[in-house]
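Asker: Next come the chains, spelled out residue by residue.
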Amino acid sequence: MKRLAPILRSPWTWLSLAVLAVLLVFLVWPVLNILSASVLARSDEGLSGWQIMLSDPRYPRAIGNTLLLGAGVTLLAVAIGVPLAYLTARHRYPGKALVSILPLITLIIPEVIGAQTWLMILGNNGVLTRALRDGLGLDPPSFYGWPGLLTVMTFTYYAYIYIGTLAAIRGFDAQLEEAAQSLGTSPPVSRLKVMAPVVMPAVLASALLVFTMVVGNFATSMILGHRVELLSVLTYQASVSETGSDPVMQSTLATTSIGLVMLALFLQRWIVSRGRYEITQGRAAPETPIRGPGGLAMAGAALAVMALSMLPLGTLAVGAFTRAHGPVMRWGEWTVAHLERVLINAPGPVFNSVLFAGAATLIAIAFSTLASYLIVKKRNVLTPWLDYLSSIPLALSGTVIGIGLLMTFGHGAFDLSGTASLIVLAYIVRRLPFGVRNASSTLFNLPDSIEEASISLGVPPLMSFIKVVLPLMAPAIAAAAVLTWTTSVSELSASVIVYSPGHETLPIQIFRLIDSGLMAQASAYGLVLITVILAPVLLATRVFNIRLFA
Amino acid sequence: MDIRIENLCISYGNQRVIDGLSLDISPGAFFTLLGPSGCGKTTLLRAIAGFTPIASGNLLFGGRDVTRLPAHQRNIGMVFQDYALFPNRSVFDNAAYGLRARKVAPTLIQQRVASALDRVALGQYAARLPAELSGGQRQRVALARALVIQPQVLLMDEPLSNLDAKLRIQVRQTIAELQREAGITTVFVTHDQEEALALSDQIAVMQQGRVAQLGTPRDIYSAPASGYVADFIGAANLLPVQCHALEAGPVQLQVDGHTVAAHAPVPVAGQAVLVARPEDILLSTTSGAGLPARILAQQYLGIKTNYRVELSSGRQMNVDVHGDPIAALARGTKVDLVFNPQKTLVLAS
Numbered sequence: 001m002k003r004l005a006p007i008l009r010s011p012w013t014w015l016s017l018a019v020l021a022v023l024l025v026f027l028v029w030p031v032l033n034i035l036s037a038s039v040l041a042r043s044d045e046g047l048s049g050w051q052i053m054l055s056d057p058r059y060p061r062a063i064g065n066t067l068l069l070g071a072g073v074t075l076l077a078v079a080i081g082v083p084l085a086y087l088t089a090r091h092r093y094p095g096k097a098l099v100s101i102l103p104l105i106t107l108i109i110p111e112v113i114g115a116q117t118w119l120m121i122l123g124n125n126g127v128l129t130r131a132l133r134d135g136l137g138l139d140p141p142s143f144y145g146w147p148g149l150l151t152v153m154t155f156t157y158y159a160y161i162y163i164g165t166l167a168a169i170r171g172f173d174a175q176l177e178e179a180a181q182s183l184g185t186s187p188p189v190s191r192l193k194v195m196a197p198v199v200m201p202a203v204l205a206s207a208l209l210v211f212t213m214v215v216g217n218f219a220t221s222m223i224l225g226h227r228v229e230l231l232s233v234l235t236y237q238a239s240v241s242e243t244g245s246d247p248v249m250q251s252t253l254a255t256t257s258i259g260l261v262m263l264a265l266f267l268q269r270w271i272v273s274r275g276r277y278e279i280t281q282g283r284a285a286p287e288t289p290i291r292g293p294g295g296l297a298m299a300g301a302a303l304a305v306m307a308l309s310m311l312p313l314g315t316l317a318v319g320a321f322t323r324a325h326g327p328v329m330r331w332g333e334w335t336v337a338h339l340e341r342v343l344i345n346a347p348g349p350v351f352n353s354v355l356f357a358g359a360a361t362l363i364a365i366a367f368s369t370l371a372s373y374l375i376v377k378k379r380n381v382l383t384p385w386l387d388y389l390s391s392i393p394l395a396l397s398g399t400v401i402g403i404g405l406l407m408t409f410g411h412g413a414f415d416l417s418g419t420a421s422l423i424v425l426a427y428i429v430r431r432l433p434f435g436v437r438n439a440s441s442t443l444f445n446l447p448d449s450i451e452e453a454s455i456s457l458g459v460p461p462l463m464s465f466i467k468v469v470l471p472l473m474a475p476a477i478a479a480a481a482v483l484t485w486t487t488s489v490s491e492l493s494a495s496v497i498v499y500s501p502g503h504e505t506l507p508i509q510i511f512r513l514i515d516s517g518l519m520a521q522a523s524a525y526g527l528v529l530i531t532v533i534l535a536p537v538l539l540a541t542r543v544f545n546i547r548l549f550a
Numbered sequence: 001m002d003i004r005i006e007n008l009c010i011s012y013g014n015q016r017v018i019d020g021l022s023l024d025i026s027p028g029a030f031f032t033l034l035g036p037s038g039c040g041k042t043t044l045l046r047a048i049a050g051f052t053p054i055a056s057g058n059l060l061f062g063g064r065d066v067t068r069l070p071a072h073q074r075n076i077g078m079v080f081q082d083y084a085l086f087p088n089r090s091v092f093d094n095a096a097y098g099l100r101a102r103k104v105a106p107t108l109i110q111q112r113v114a115s116a117l118d119r120v121a122l123g124q125y126a127a128r129l130p131a132e133l134s135g136g137q138r139q140r141v142a143l144a145r146a147l148v149i150q151p152q153v154l155l156m157d158e159p160l161s162n163l164d165a166k167l168r169i170q171v172r173q174t175i176a177e178l179q180r181e182a183g184i185t186t187v188f189v190t191h192d193q194e195e196a197l198a199l200s201d202q203i204a205v206m207q208q209g210r211v212a213q214l215g216t217p218r219d220i221y222s223a224p225a226s227g228y229v230a231d232f233i234g235a236a237n238l239l240p241v242q243c244h245a246l247e248a249g250p251v252q253l254q255v256d257g258h259t260v261a262a263h264a265p266v267p268v269a270g271q272a273v274l275v276a277r278p279e280d281i282l283l284s285t286t287s288g289a290g291l292p293a294r295i296l297a298q299q300y301l302g303i304k305t306n307y308r309v310e311l312s313s314g315r316q317m318n319v320d321v322h323g324d325p326i327a328a329l330a331r332g333t334k335v336d337l338v339f340n341p342q343k344t345l346v347l348a349s
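Quick mapping for you: the protein sequence lines, in order, are chains A and B.
Heads up: the first sequence is residues 1 to 550, going by the numbering used here.
Heads up: the second sequence is residues 1 to 349, going by the numbering used here.
Looking at chain A on its own, in the form it has when it is part of the complex:
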């Protein structure tokens, strides 16, 4: 009893309990609801979801397609991302400055806009399709289905491979290569034998990350999937169908998705833990200018990739000001009518997005800072659990999070349906693991002694945290806030499931307009969306000199 007293008197114990309670209610409970419903719920015919899944060939086919798509996109993304990273890390070439803003571009272009703009060029009414069909009398193959899925997702996700690989190559100590050469292997062989094994885990880890993102992908799958059945699309349809949701299948499919993503994540953890080589002293290799026709071809390819990555921005900018007649774009005829409509007649989605994402950012940052502080600096019996639980959303696609929240808070004692709080909640839950990880890594680098120095000088623990620790965390918190903002504003897959009429956000509105084929309208909303995303990013990086990608 004597031991327990100081524990119960500590404010950190109570805060840990409070954080744990929040995680249990808003995260664990929804997941448990999904898992239990997948086993317990029965259809009208008395079948469980798993029985239906085995009897209806659509479902195994969708799982197969999803895995195939995941593998295909991952391979293509590696094929683009790894050479681009190597070229950028080791060589100078014309237009390289463009490549360095790649992470920023990936950050600011919401996936739904990527899919939309590719459709505006290669879709049934696309610029290029029309030119080929009407101008040259050709019959280009449909962009819907596999070609579109593979192309768009590859260009959405290759940047993750590029970023991961680039960091690994830059962190690699070039002296190791020199050591290999001094021991008698030629430069290319040295690179292959010494650098490749050290960089490989980073490549594999980012590849698996891409794989999980493809498996959980909603927007592109939904917009371009067409007749290709995919897990996320079937899950969404089971949850939001016109005939009412299918509680049996939605939980079963969501559980399947959790299983697939978790498998990939475990594989990733395993690879990362096996391949953690410590490079103690990183001296990066000097960058050399590119040479020869082969080199020029590589540089040309890199620039082509960049051009395709920038394509959505350009298309969006032009599309937003192009006159349209229903789904038909009249390219070359200009108008500001779409923008006028978005900003003056129907600005609801703009307000909603700013309001919901703003609220989510504030709450998520405050919560993840507190949770990380407890996890890193105030360890007790509970805090490891805070760490484990807050990483659960990594295994949940947006669709799954949406379904879980709707199943838990859509009715009953905690009915939040019809309010915007479900959307805010979905944003917070999706971003939670990143927020906690970000804050934790900052806190790890702050020695405990700084806080203890403050306490020893007579400032109580909680005040010491506020006066000493918080100011030192401020830059990292600001960076996390900006990243939370950008991801929340562009979030679609969870919010599209939990939103109620009147609470449409920009991505939801764009998604609905794409569905109706109204690309010009969608472009106008898209342009506003990108502005809303970009403004804080520019403010943070240019005015406050915050490094977003530490």
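These aren't lab readings, by the way, just hints derived from the structure by calculation.
Cβ coordinates follow ideal geometry from the N, Cα and C atoms, glycine included.
Treat the hints loosely; a few may be bogus.
Stated by the list, open to error - So the derived list for chain A, only partly shown, Cβ under 10 Å to chain B, looks like this:
hint	residue
1	I450
2	E452
3	A453
4	S454
5	A474
As the list claims (entries may be wrong) - Each pair of labels, with its calculated beta carbon distance range:
hint	chain 1	residue 1	chain 2	residue 2	range
6	B	D192	A	T185	45 to 51 Å
7	A	S441	B	Q208	31 to 37 Å
8	A	Y388	B	A235	44 to 50 Å
9	B	N14	A	S441	27 to 33 Å
10	B	N14	A	P57	55 to 61 Å
11	B	S56	A	L470	32 to 38 Å
12	A	L267	B	Q124	56 to 62 Å
With chain A fixed as given, assemble chain B onto it according to the hints.
Answerer: Only chain B this time, still in chain A's reference frame:
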């Protein structure tokens, strides 16, 4: 302010780190906790500070029980190994931090901080950030920050270990001067015996959460209570021996079949250890003068020459020869070791 530690126990999980330790630290004393890493010295210091919870026992500052008092109410000054300066605050603001927490009037703060910084010779650096200072300067800021609040107790956790050899001696002198001037009861943690000997009024050599020996630097160096203490202070040579001395005083021992005269500070019987410091052994080239040995290696260190020698049993010892011997003894030279019978001790092992 005296510090009294009564029967203190501290555990990490199931492991008992401090095991029923009692100490009395007299007012104004410079008290050092000395020991290798893992002996519990830092844990004890952090318990005195209030950062490590005490499982049982009592801690009293000037007769007042502070066992359950939170750290920020103990009025302590603490100096850390890694300086722990607030990186976003200037030197002045670092030093003023504790006074501001105590709601001291701004003009008074200005005055006291300025004089504290002057005392550590950093008056002209008040506007700088910690990152713009050298290691020695940073630790002096930390010292000023801890002293300016006029704490009842000054606690220092290896404050010199992050400094290079020359700075270490400089900051050491600053610490000694300031402590004497302020007359604050000080607890100093270190693993460096030279630091401990140079600074302390009293030293507690710690071993596995207990005090192995408590005494003045002179006591501890010249009369170590055990082989552990002797080995830790001054790198003594230790030889296992059999000894039967029923009372304290001179004894004769058998080492490798030769007789060695030594001194037993307390009676010992059976397994014992012979403690001989490197500077208390003479090398003689006269055969039969003492214990036969062979030179293995020599290191010329300027002020002395250190020889590594091997006994006929294969055991190795260190011998220091001070001054500049005309001819260094070559490897393989046969020598005899002559022990100083007063300074060669026999202790129970």
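Asker: Hint by hint, say whether it matches the structure.
Answerer: Taking the hints in turn, this is what the structure says about them:
About 5 Å separates the beta-carbon of I450 (chain A) from the nearest beta-carbon of chain B, less than 10 Å, and the hint is met. Interface restraint check for E452 (chain A): the shortest CB-CB distance to chain B comes to about 6 Å, inside 10 Å, so the restraint holds. About 4 Å separates the beta-carbon of A453 (chain A) from the nearest beta-carbon of chain B, less than 10 Å, and the hint is met. Interface hint at S454 (chain A): satisfied, since its Cβ lies 7 Å from the closest Cβ of chain B, which is below the 10 Å cut-off.
Interface restraint check for A474 (chain A): the shortest CB-CB distance to chain B comes to about 9 Å, inside 10 Å, so the restraint holds. The supplied range of 45 to 51 Å is met by D192 (chain B) and T185 (chain A), whose beta-carbon atoms lie about 46 Å from each other. Remark: the range hint 31 to 37 Å for S441 (chain A) to Q208 (chain B) is upheld by a beta-carbon distance near 36 Å. Separation of Y388 (chain A) from A235 (chain B) is about 48 Å and conforms to the stated range, judged on CB atoms against 44 to 50 Å.
Under the hint 27 to 33 Å, the C-beta atoms of N14 (chain B) and S441 (chain A), about 31 Å apart, fit the expected range. Distance hint check: the CB atoms of N14 (chain B) and P57 (chain A) are about 58 Å apart, consistent with the given range 55 to 61 Å. Checking the proposed 32 to 38 Å range against S56 (chain B) and L470 (chain A) shows it holds: the Cβ atoms sit about 35 Å from each other. Distance hint check for L267 (chain A) and Q124 (chain B): the Cβ-Cβ separation is about 59 Å, which falls inside the suggested range of 56 to 62 Å.
No hint from the list above goes unmet by this structure.
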